[in-house]
Structure formats: C-alpha cells, structure tokens
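Residue numbers (UniProt numbering), protein chains in the order written: chain G, 1 to 203; chain V, 1 to 203; chain D, 1 to 203; chain Z, 1 to 203.
Derived by calculation from the structure, the hints in this document are not laboratory data.
Backbone N, C-alpha and C fix where the C-beta goes; we use that ideal spot for every residue, glycine too.
You may find that some hints are simply not true.
[Said to hold, decoys possible] Restraint-style ranges between C-beta atoms, simulated for each label pair:
| hint | chain 1 | residue 1 | chain 2 | residue 2 | range |
| --- | --- | --- | --- | --- | --- |
| 1 | D | D7 | G | D42 | 30 to 40 Å |
| 2 | G | G55 | D | G93 | 45 to 55 Å |
| 3 | Z | A33 | V | P107 | 55 to 65 Å |
| 4 | G | A104 | D | R92 | 29 to 39 Å |
| 5 | V | L6 | Z | G69 | 13 to 23 Å |
| 6 | Z | D109 | V | D42 | 22 to 32 Å |
[To be verified] Capping the alpha-carbon separation at 25 Å, the derived lysine-lysine pairs in DSS-like fashion look like this:
| hint | chain 1 | residue 1 | chain 2 | residue 2 |
| --- | --- | --- | --- | --- |
| 7 | G | K133 | D | K46 |
| 8 | Z | K106 | Z | K46 |
| 9 | V | K83 | Z | K46 |
| 10 | Z | K133 | G | K133 |
| 11 | Z | K46 | Z | K133 |
| 12 | D | K83 | D | K46 |
| 13 | V | K133 | Z | K83 |
| 14 | D | K83 | V | K133 |
There are 4 protein chains.
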Amino acid sequence: MATYPLDRTAYLLVDPYNDFLSEGGKVYPFIEAIATEVGLLDNLRKLDRALRAHGVAVFIVPHRRWEPGDYEDWRFPSPTHRKIMARHNFARGEWGGEWHPEFAPKPGDTVVQEHWGASGFANTDLDLRLKQKGITHVIIAGLLANTCIEATGRYATELGYHVTLVRDATAAMQHDMMHAAHELNGPTYAHAIVTTGELIASL
Amino acid sequence: MATYPLDRTAYLLVDPYNDFLSEGGKVYPFIEAIATEVGLLDNLRKLDRALRAHGVAVFIVPHRRWEPGDYEDWRFPSPTHRKIMARHNFARGEWGGEWHPEFAPKPGDTVVQEHWGASGFANTDLDLRLKQKGITHVIIAGLLANTCIEATGRYATELGYHVTLVRDATAAMQHDMMHAAHELNGPTYAHAIVTTGELIASL
Amino acid sequence: MATYPLDRTAYLLVDPYNDFLSEGGKVYPFIEAIATEVGLLDNLRKLDRALRAHGVAVFIVPHRRWEPGDYEDWRFPSPTHRKIMARHNFARGEWGGEWHPEFAPKPGDTVVQEHWGASGFANTDLDLRLKQKGITHVIIAGLLANTCIEATGRYATELGYHVTLVRDATAAMQHDMMHAAHELNGPTYAHAIVTTGELIASL
Amino acid sequence: MATYPLDRTAYLLVDPYNDFLSEGGKVYPFIEAIATEVGLLDNLRKLDRALRAHGVAVFIVPHRRWEPGDYEDWRFPSPTHRKIMARHNFARGEWGGEWHPEFAPKPGDTVVQEHWGASGFANTDLDLRLKQKGITHVIIAGLLANTCIEATGRYATELGYHVTLVRDATAAMQHDMMHAAHELNGPTYAHAIVTTGELIASL
C-alpha cells in the first residue's frame with residue numbers, strides 16, 4: 001500500500017463536466033451502468049471530502065470544451081475528435097460543458113488548461129503547475145477509465161510522478177474497458193491501483 | 001482505408017530485440033503463443049520488405065537497454081521498471097539486448113534514443129527526428145501491443161501525427177491485451193487499425 | 001533569403017496586448033524608444049496586411065494574463081514572474097490585458113493557450129495546433145525581442161520548425177538587448193533574420 | 001543569495017568535451033580569450049570539487065557527438081547545425097568528442113542523452129532523470145554561455161526548476177555574448193547568477 005506525503009500529493013480530477021457526470025449529460029447514458037455499479041458519484045464525493053480534509057491539493061484537469069469550428073480544419077482529427085465534432089460534447093457556454101455542481105473548483109484549487117486529446121498533460125500546463133506546487137504524487141480520478149484517465153496516468157509515469165488510480169472513482173462504457181484500465185494496462189505503469197475506501201484509509 | 005503519402009510516412013519499429021522476438025529471448029516465452037497465432041515474425045518481414053520497397057522511412061524505436069544500476073536510485077520506478085530490474089530485459093552487451101538479426105537497422109534507417117518508459121516519444125528525440133524528415137504519418141509495429149505500441153501511438157496522436165496500428169504485426173501476453181489494444185483503446189486515438197495485408201495493399 | 005511555402009507558413013504574433021503596444025500600457029514606456037526607432041507599430045501593420053493577403057495562417061501567442069494570486073504559491077517564480085506579481089502586467093479583465101485593437105484576432109486566426117513563462121511553446125498547445133494545420137515555417141514578431149520572441153524562436157528550432165525573426169517588428173528595453181537578440185543569439189538558431197521589407201518582398 | 005537543499009540540487013555540466021575545453025580542441029580557440037579571462041578551467045575544477053564534496057548530484061549534459069551523415073537529410077538544420085556539419089565538432093570516436101579528462105563522468109554521475117540543439121532538455125531524458133532523483137535546483141555550468149547554457153537554463157525555468165548560472169564557470173566567443181547571457185537575458189529567467197566563489201560560499 002502506498003503512503004502519501006500529503007503536502008506533495010495532488011488529486012487530479014479529470015473532466016468533471018455535466019456531460020459526463022449528470023443525468024441528462026451527453027455522455028452520461030453511455031457510462032451510467034458502470035458508474036452506478038461502482039458507485040462513481042458517491043466515491044467522488046468521498047474522495048473530495050477526504051482529500052480536501054487532509055489538505056491535498058486539488059487540480060481540475062478539463063477536456064477542451066467544444067466550440068464551433070473545433071477540429072474542422074485539423075489535418076488529422078482522431079476518432080475521438082470526430083465523435084466530439086458530431087456530438088458537441090462539453091460545449092462551451094452550454095450546461096453540458098459546465099462543471100457538475102458538486103465538483104466545481106473551489107477557492108485555492110488549480111484549474112489547468114484544457115486538453116485537446118486524452119492526456120491531461122499533453123499540450124497543457126499541468127506538469128508545470130504540479131512542479132510549481134512541489135507535487136510528486138498524483139491520485140487520478142474522473143472519466144473515462146480507459147481514455148483520459150489512462151492517458152493522463154501513462155504520461156504522469158513518463159514524467160516521473162508517482163501515480164495512483166482509483167478503480168471505483170472512474171467509469172467506462174464497457175466492462176472490458178474497466179478491466180483493461182485496471183487489470184491489464186494500469187498494472188504496467190501505475191504505482192498503486194486502489195479503491196476509494198483503501199485510498200482514504202491510507203491517508 | 002487510409003492512404004499514405006509515402007515521402008511523409010515513417011515505419012516505427014518498436015523494440016526489435018532478441019529478448020522480444022527470438023527463441024531464447026527473456027520475454028519471448030510470454031508472447032510466443034500470440035506471436036505465433038497472428039504470424040508476428042512473418043508479418044514483420046512482409047512489412048519490412050514492402051515499406052522499404054516503397055521508400056518509407058524506417059525508424060527503430062528502442063527500449064532502454066538494461067544496465068547495472070538502472071532504476072535502483074529512482075524515486076518512483078514503475079511496475080515495469082521493477083520487472084526489468086529483476087529480469088534484466090534487453091541487457092546492454094548481451095544477446096537479448098541485440099537486434100533480432102532480421103530487423104537490425106539498415107543504412108539510412110534512423111535509430112532514435114532509447115526510451116525509459118513505454119512511449120517511444122517520451123524523453124527521446126523521436127518527435128524531432130520525424131519532424132526533420134517531414135514525417136506526418138506513422139505506422140507502428142513491434143512489441144507489446146498494449147504497452148510500448150499503445151503508449152507510442154497515444155503520444156503520436158497527442159503530437160499531431162496520423163497514426164496507424166498493425167494488428168497482426170505486434171503481440172501481447174494475453175488475448176485480452178490484444179483486444180484492449182485494438183478493439184477498445186486503439187479505436188479512440190488511432191486513425192487506422194489494419195492487418196499487414198491490408199496495409200501493404202493500400203501502399 | 002528564405003522562401004516560404006505559404007500554405008505551410010504561420011505568422012506568430014506574440015503578446016499583442018495594450019500593455020505592450022499602446023500608449024498608456026504598463027510596459028510600453030520601457031520599449032517606446034526602440035519601438036519608435038524601428039517603426040514597430042507600422043511594421044506590425046504591414047506584416048499583418050501582407051501576410052494575411054498571402055493567406056498565411058495567423059497565430060496569436062499570448063502571455064498569461066495576470067490574475068490575483070498568480071505565482072504567489074509557486075515554489076520558484078522567476079524574476080519575470082516577480083515583476084509581473086508587482087506590476088500586474090496584462091491583467092485579465094483590464095485594458096492592459098486586452099488586445100491592441102489593430103492586432104486583435106480575426107475570424108480564422110488561432111489563439112493558442114497563454115504561456116506562463118517566455119516561450120509560446122512551453123506548457124501550451126502551440127506545437128500541436130501548428131502541426132494540425134501542417135505548418136512547417138514560423139515567422140515570429142511581437143514583444144520582447146530578447147525574452148518571449150527569443151524563447152519562442154529557440155523552442156521552435158528545437159521542435160524542428162523553420163524559424164524567421166523580423167528585426168524591426170519587435171522591440172526591447174535596451175539597444176544591447178536588440179543586438180543580443182538579432183546579432184548574437186538569433187544567428188545561432190534562426191534560419192532567417194530579416195526586416196519587414198525584406199520579408200514582404202520575399203513572399 | 002539562494003540557498004541550496006543539497007539533496008535536491010544537481011550540477012549540470014554541459015558539453016565538457018575536449019573540443020570545447022582542451023588546447024587543440026576545435027572550438028577552444030574561439031573561447032580561449034574569455035575562458036582565460038574568467039578562469040574557466042580552474043573554476044570548473046573548484047565547482048567539481050566543492051559540489052561533489054557536498055554530495056550534490058552531477059549530471060553530464062552532452063551535445064550530440066557529430067557522426068557522418070548528421071543533419072544532411074534534415075529539413076531545417078539551424079545555423080549551428082550547419083557549422084557542425086562543416087567542422088565536425090565533438091566527432092564521435094575522435095579526441096575532440098571525448099570528455100576533457102578532468103571532467104569525465106565519475107561513478108554515480110548521470111550522463112543524459114545527447115542533445116541535438118542547444119537545450120540539454122530538448123528531445124532528451126534530462127527532465128525525467130532529474131525528477132527521478134528528486135532534483136528541484138539546478139546549477140548550470142559549461143559551454144557556451146549564450147547558447148547551450150542559456151537554452152538549458154531557459155528550459156529549466158519553463159519546466160519549474162530553480163535555476164542558477166555561474167558567470168565565471170562558462171565562456172563565450174565574444175564579450176557581448178557574456179554580457180547578454182548574464183546581464184541581459186539571465187536576469188529574466190534565472191533565480192541566481194553568481195560567481196564560483198559565491199556559489200561555493202553559499203553551500
């Protein structure tokens with residue numbers, strides 16, 4: 001079990017948008033089954049409470065909010081970019097692109113630049129802002145387990161951070177994606193893969 | 001089906017070491033079943049022949065060859081680093097860390113810096129050397145489907161490249177890892193996921 | 001003299017804020033002498049007109065707009081960060097942090113993420129967005145010659161771009177800083193260092 | 001005056017090759033006057049002794065050793081690349097590309113990947129290897145003040161490190177280059193610019 005130097009640990013909350021986390025959100029129906037099964041919302045609440053109570057720094061790691069024109073003149077939009085072009089996920093100025101009200105940034109939180117792809121580190125200021133707070137350990141939660149969470153975690157390891165995944169504070173569209181994230185790929189790069197309960201107990 | 005501007009396309013061959021590709025290699029026993037099933041060696045031979053015949057630039061993307069002391073004074077070695085510390089995979093100066101004789105670099109190939117983690121781009125010169133050759137499309141093959149290949153592919157997309165995975169020119173330790181790489185995660189970031197035969201037919 | 005493939009060339013306009021370019025701006029008094037001497041404003045107007053007329057992509061590369069709290073909890077703010085903390089340069093929501101009205105982004109321009117330090121590439125999406133437009137050549141103008149322009153240019157070369165500096169479409173606080181930027185350091189990394197007139201003549 | 005947490009401080013010695021530091025080296029004649037004036041060799045000896053005695057981690061940050069073919073098929077070699085193509089500086093396998101015998105790596109030192117441009121961080125593993133040793137402060141010495149040292153220092157600041165330049169443990173080809181490095185540009189990004197004597201006194 002990892003132990004956390006609390007003043008050097010950050011909680012990275014990835015993409016806490018209504019589109020992902022709220023009933024009526026554009027992506028929510030696709031993850032609802034697994035989110036319900038693992039208790040996603042309740043675990044995010046518990047994490048939020050416990051980590052803040054222990055003084056852990058909170059970083060909000062948001063996906064690019066879709067704007068008209070996005071990706072349309074890009075040379076090589078990825079399949080995910082194409083989906084977003086069609087569905088307008090996390091549209092800027094719309095409810096879906098607003099923070100889920102329980103997980104909006106609080107005073108003192110760091111909101112990093114929006115990421116265009118899947119990794120919260122790629123083409124953003126996340127690494128710099130973690131370094132400027134002296135962070136060495138990151139605990140990553142939010143959506144989706146096998147896309148943004150996994151990509152952010154893989155980058156964190158390449159950048160030299162200690163990486164923790166929280167298996168029931170994330171979700172995915174299919175069970176095999178959860179399995180891939182936590183049983184197949186996570187164990188190759190993550191330093192700890194724990195439940196919300198285990199994490200809180202270890203603080 | 002993607003089409004390839006041949007003078008702007010590179011073939012990234014990841015980790016063509018004896019330890020991965022040759023009988024007697026340290027990792028080979030763990031991938032042998034799937035390598036045999038997909039015809040890995042024969043497909044790598046076909047790709048190598050066809051891509052070179054079409055003038056596609058070949059980049060060798062090698063994992064750090066283990067040396068005594070590696071990772072021992074690192075703050076946060078990953079689970080993969082710990083495995084390598086125990087097993088001495090791709091040891092520098094040993095047969096396992098030599099190129100498989102059929103896939104050694106040829107004159108004119110680019111051998112990029114060794115990567116410490118899973119992505120061939122992280123902490124190496126791969127992006128610069130691709131840019132300096134004017135490369136915009138990368139075709140990624142080699143080992144392992146869900147670790148170095150997937151990490152290299154994810155980074156390539158974040159960096160703005162067009163990314164192709166070749167599903168039978170790679171292997172993994174388990175079937176569900178191949179499934180995760182090509183059916184679950186690849187489709188979120190890769191622009192094309194093809195067989196060796198399909199790729200060659202499209203050149 | 002360099003020639004420019006116009007569909008692969010971008011004009012990077014760095015920090016076109018009132019604080020830098022307008023009378024009454026916080027930094028303007030410190031650069032006014034040299035700006036006047038080289039004809040900065042008029043040259044930026046000429047560049048803007050000529051490059052847009054030739055269809056060159058325009059990228060606005062903005063410095064972080066100061067907000068209350070900025071840098072205060074950073075571990076190692078640089079001397080430049082400390083100056084900004086004291087002076088509130090480019091304050092968000094104030095006139096000084098607004099675009100100079102003649103150089104505000106126009107429809108179709110790309111406004112990249114704000115940079116925290118001196119390089120427009122560091123901790124931002126500039127490289128990705130250039131790549132996604134297929135850009136290979138960058139023409140860099142704006143402020144200051146020996147800080148943000150030089151840092152952006154040095155990074156551009158390290159990233160594999162063709163780099164042009166425009167010696168009279170920038171300014172600095174002292175003459176020796178202009179000399180350092182264009183006669184000492186620029187010649188080590190920039191592919192072309194030209195006047196506005198020379199650049200326009202070469203399009 | 002900065003103080004240094006010795007277990008989190010690294011000494012980055014940039015390009016300690018015979019071509020730079022030894023009589024008979026290819027670049028040495030161009031820097032000899034200033035090197036002699038500031039006492040470069042003797043100061044590097046003092047730094048080496050003092051920093052090792054205090055247990056500071058030593059990182060060797062080497063320029064790419066020239067090999068036949070280097071840069072010849074590059075799209076945009078920089079002016080510095082072109083010079084190296086003509087002069088074969090730091091040729092691999094030749095005396096000029098060997099370490100100056102007094103500054104060769106010692107057991108326990110970290111030798112990072114060779115850099116292709118000017119910054120020791122660009123396209124190398126320097127950031128990762130510093131992070132994996134828990135380094136937060138870098139003291140940069142070696143050659144040249146306004147090229148590799150300055151570029152490495154600028155990147156270090158963008159990456160969130162505390163940066164110290166040592167004004168008499170470097171050299172340049174001209175006095176105005178030293179002035180630019182330490183009086184004009186360094187003061188914008190470096191957290192400390194000191195003499196060898198001042199640095200040693202502060203340990």
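Evaluation of the provided hints:
Distance hint check for D7(D) and D42(G): the Cβ-Cβ separation is about 53 Å, which falls outside the suggested range of 30 to 40 Å. Range check, G55(G) to G93(D): about 30 Å between beta-carbon atoms, so the 45 to 55 Å window is missed. Taking 55 to 65 Å as the suggested C-beta distance range, the pair A33(Z) and P107(V) does not conform, at roughly 42 Å. Range check, A104(G) to R92(D): about 19 Å between beta-carbon atoms, so the 29 to 39 Å window is missed.
Restraint check, L6(V) to G69(Z): a C-beta distance of roughly 22 Å satisfies the suggested window 13 to 23 Å. A beta carbon spacing of about 45 Å between D109(Z) and D42(V) contradicts the range 22 to 32 Å that was offered as a hint. Restraint check: the Cα-Cα separation between K133(G) and K46(D) comes to about 43 Å, which exceeds 25 Å; the hinted pair is violated. Our distance criterion of 25 Å between C-alpha atoms is met by K106(Z) and K46(Z), whose separation comes to about 16 Å.
Proposed proximity of K83(V) and K46(Z) is contradicted: the alpha carbons are some 41 Å apart, above 25 Å. A hinted pair counts as satisfied when its Cα atoms are at most 25 Å apart, and K133(Z) with K133(G) qualifies at roughly 17 Å. Of the pairs offered as hints, the one joining K46(Z) and K133(Z) holds, with about 24 Å between alpha carbons and a cut-off of 25 Å not exceeded. Between the alpha carbons of K83(D) and K46(D) the distance comes to roughly 32 Å, so the proposed pair goes past 25 Å and is violated.
A threshold of 25 Å between alpha carbons decides the hint, and for K133(V) with K83(Z) the separation of about 20 Å falls inside it, so the pair holds. At roughly 41 Å between alpha-carbon atoms, K83(D) and K133(V) are farther apart than 25 Å, so this suggested pair is violated.
The structure fails to meet hints 1, 2, 3, 4, 6, 7, 9, 12, 14 from the earlier list, while all remaining hints are met.
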